[in-house]
Structures are given as structure tokens and as C-alpha cells.
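Colleague: Residues per chain, in single letters:
2 protein chains.
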Amino acid sequence: MNIVIIGVGLIGGSAGLALRGFLTTIIGVGRNPEKNKRAMELGLVDKIMPYDEALKIGDLIIIAIPVDSAENLITDVLNKIKSDAVVVDMSSTKQRICEVIRNHPRRRNFVASHPIAGTEYSGPDAAIPNLFTDKVSIICEKELSSKEALAKVLEMYKILKMNVIYMNSKEHDKHIAYVSQLSHISSFVLSLTVFEIEKDEKNIFNLAGSGFASTVRLAKSSPDMWAPILEQNSEHLSKALTTYMNYLNKFKTSIEEKDKSKLHELITEANIIKKVLK
Amino acid sequence: MNIVIIGVGLIGGSAGLALRGFLTTIIGVGRNPEKNKRAMELGLVDKIMPYDEALKIGDLIIIAIPVDSAENLITDVLNKIKSDAVVVDMSSTKQRICEVIRNHPRRRNFVASHPIAGTEYSGPDAAIPNLFTDKVSIICEKELSSKEALAKVLEMYKILKMNVIYMNSKEHDKHIAYVSQLSHISSFVLSLTVFEIEKDEKNIFNLAGSGFASTVRLAKSSPDMWAPILEQNSEHLSKALTTYMNYLNKFKTSIEEKDKSKLHELITEANIIKKVLK
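Chain order of the listed sequences is F and A.
In my numbering, each residue carries its 1-based index in the first sequence increased by 7.
In my numbering, each residue carries its 1-based index in the second sequence increased by 7.
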């Protein structure tokens, strides 16, 4: 079985590491020769091949590139694969890619998925073998995929040790805007704010406790990956940010009015997260 | 040497754990009998004593209670200690407590400090022996403390394995608003926002990656501790929140206008945090 991974960075490279050795040949495809070379050196893939050649022999094609590139590439990939090949994408938004290929004659060869796994790092060097272990992957619009395609992708996620759940793509994009993408925006904004005031980085270094480090961690995330995600999920994120700003305004007003009991109330309400995350 | 710890929760209890056994007797003082009992059971202190009695025999008094309680109590503590006793507070804001006792006849017995250490948990059960290890503690207005008092507090921080730096209290409160307190507010707001939309907690549980968990972690923090901190640092936080909201608005506008290149620019700028936090 030939597995073609388009994009050998954090996600694709980690998938390569975890899928190697299961009677498979892992073929890496990427536009950047240096990253391809690095993927080989790190053992993320068995070989590197040009895009068109790889698609001719691929049985399972994994798309692990930024969401905008995935959206642009998916039609061409479906046009070029073997008739029984299966294509799965691993990008973080699902509505647009599902729309783009809704009426493609090979729609049934395709499975739209989003493994909820990642770190703040990117590129081949960020790949780790257990990135996906015990995490959740979401498959969208499964009724539009063939049984065979779905079965193959479920097998893959079993090897990656992921728990699969199902959603429609709109629901996915809505929920993920709140639970994942908003976290990234709040970290980016925290980083920008702190650096605006702290011209002297030594202050940040000295005063940063583990709390700041944890809250700002995602601000290290790759702009190539995240700018397209935020752009693609514009509608849901705009609503999420409106709600976020309303709560932020409540804090700001309570702080400015020195209303300790209102602050106590807001923080107590925020503590509800304890119920979900131990 | 008798060390009196007023407040045997996360901070005071952790200090007790780390200071026991250095030819010292650790005396816990607290208003809540259950927490006092728990502190004894956990071995955070050698004994529990009533407040007035403890102050009569204390050589070093550590104040580790919420900032508003500390502000209210400090004058009374200084009135009641032995004439050569040293008082150190460990609370997270420094301007108000320094103002309150600026003209106290025993101001020189007092050292204002803020160990930058903590977790999102609170109470005696949250105490851990290495909470302070290798972290930074800030001492404010050191010129207003006697040499002897300062020396004793530095000795204590040496046992706690902390690196001490010096600031004036206004600078402290300004910087800490950005680097610590803003992180907490952004976590509280993230938690509130996600729970407003995700009525079904299962969704949060399923969709929450490690990124969300890390960014929202501080939202578990105690309202008893944090409401007074935010209230006390009102002025600096109001400015910090204004800057934060400006950047948030830039993200919101760029997202709504689907301006991918502006988003790319903002995220790239936020990536500067990589320089400070490895």
C-alpha cells in the first residue's frame, strides 16, 4: 500500500512517522526541496516523489498543507488519482473544502477530516510519533464518502490511535472556532500586547510565570498555517470574537469601577471550566 | 526561629513545606479551622496558633493571603510583632500595601515582595514543596526596609531557591498587569465565551486540543484570590486591556475583511514571543 503525504510538516510528518512500518510505503510530496530532504533525514517518509508521479501510484493520499492550499489543490488531486484511491485531508476548517468538491465526480473517494492534534511548532522538525495518540479526529459529511473510502480512513486513524467522531462541516467549523481558533487569537493578542508595553524583553523574561507561558504558548504558531484558517472561518470567528469582546468589556468595566463583587462573580462563572478539564 | 505563616493555602503552605526543617518552627495562622486542620495533616506547618499569640513569638512573619486582606491586616500585624521581628508579604500587587504602611513606625521591619510562582489551584491541598524553585521573586521599595529585615528575607528566598530582583512598587504593578494579570483575564474570558456557546460540555471535551487546555488553564484560578488582585491593579489593567482590545479589534477586522495578508502580518509579529520563551 502506497501512502502519499502531501505536506511533510508537523501534521503530515507526524502521520508519516506513525504510519511507517505497517506494510506501507510512505511517499512524501512537497514543494520545498529542503523540507523534503529534512523529512527523509528524519525518517518521516520512505521516499520523496514529484506530485504527479506520486498521485499515479498512491492508494491513500493524505493532504496535510495549509487550508487555503488544500482548498486550491483538492480538485486537481481527485482528478489525478487512481480510480480506487482514497483521499483524506487533515486541515482545520471543513466547510470550504467540502463545498469545493461537493459535485466532483470522485467526491466519494474523499474523506474530510480534522485530527485535533498539534503543537505550536511547524515544519518537518516539529513532527513527533505520538502527536495523534489518544486524541479525537472529526470526520465531516461521512455520507458523501464511499464505504470503502471511509473504512480505509478509519483504519488509518486506528493506527494513529485516534478516537473518531462525526459532524457536519458547518457544525465543525462553528464549534472549532470557539474551542480552538479563539484560543490562538487570544494568545496572539496577548503576545502583541505584552510586547507593545515591554520594550525590554528582560522584563518579560523575569516577570513571566508559568501562567503567562501557558497562556501565550500558541502565539508561537505558524502564520502560514494560521492566517488561512482564520480567514476561512471568518463568519463563525466573527461571532465568537463578538462574544469574547462582550465578556472582555465586562471585565474592563468591573475593573475600572473597582467592582470586586462583580469580578468575583465573573471569575466564579469562568471556573466552570474545571468541570470539563481536570 | 519561629516562622509565622498567615494564610496556609497554595502560597503559604508551599512556603511552609519548603522552610520546614531549617532549625525553624513553622506556625500556621488562619481563620478557617478546616483549612488549618488540613495544613497540619499535610505537614505544611509544625503547629497552628491563634493570630495574636503567634505574632507575640514570631521572628519572621509571612503574609500569604488575598491582596485585599493583606492590605487590611498589615498595620495590625506591624503593631503586634516583637520589635525585631520581620514581616514579609507575598501578595501579587505591591502599590497599595506599600502606601498603607509607608508611614508606619515599624515600616523598616517590613519587606514587600512578590514571588512569581503559583498554579491555578488554591488552598492547603494545592501546596507543593518546589513551587518556588528556580523562579523569580520581586522585592519592592527595598530602601524602606532595614538591612536586617532585608537580609532575613533574602535568606528565606535563598532557601526557597528563588532569584530576587528589585523594583519600585509602581513599576512592579504596571509590568505585572501585562505579564501576569492580563493572562488570567484572557483565560477567564475564553472560558466564559466557550461556555456561552457550548451548552453541551461534551463538545468542549471532544474538541478541546492541548492548545485550548493550555490557554484556558488559568480560568480555574480562585476568585477569592483574583478578584482583589484585579481590583487593586485597576489603573494599570485598564490600560493593558485597552491595548489588548485594540489588537483584538485588528484581528476581528482582518478576519471579517478576509484579509489574509494582514492576518499573516499580525501573527508573524506575535511570533516574537519565541525570542523570549523557548
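By construction, these hints were calculated from the structure, which means they are not laboratory data.
Be aware that a few hints might be false.
The list makes no distinction among identical chains, and a pair is therefore deemed to hold if it is satisfied within one copy or across any two copies.
[Claimed, not checked] Using 30 Å as the maximum straight-line C-alpha spacing, the simulated BS3-like pairs for lysine-lysine come out as follows:
| hint | residue 1 | residue 2 |
| --- | --- | --- |
| 1 | K257 | K154 |
| 2 | K54 | K159 |
| 3 | K168 | K269 |
| 4 | K285 | K165 |
| 5 | K44 | K265 |
Colleague: Regarding K257 and K154, is the shortest C-alpha distance of 30 Å or less found within a copy, between copies, in both, or in neither?
Modeller: For K257 and K154, neither the intra-copy (50 Å) nor the inter-copy (44 Å) Cα distance is at most 30 Å.
Colleague: Evaluate K54 and K159 at a C-alpha cut-off of 30 Å and name the case that applies: within, between, both or neither.
Modeller: within (22 Å within a copy, 64 Å between copies)
Colleague: With identical chains, the pair K285 and K165 could be close in the same copy or across copies; at 30 Å between alpha carbons, which is it: within, between, both, or neither?
Modeller: Classified as within; 26 Å inside a copy, 33 Å across copies.
Colleague: Given identical chains, is K44 near K265, meaning Cα to Cα at most 30 Å, within a copy, between copies, both, or neither?
Modeller: So K44 and K265 fail the 30 Å test inside a copy (58 Å) and across (34 Å) alike.
Colleague: When no copy is named, should K168 and K269 be tagged within, between, both, or neither for a Cα gap of at most 30 Å?
Modeller: Neither. Shortest intra-copy (45 Å) and inter-copy (37 Å) distances fail the 30 Å Cα cut-off.
In terms of the numbered hints stated before, the structure departs from hints 1, 3, 5, listed from lowest to highest.
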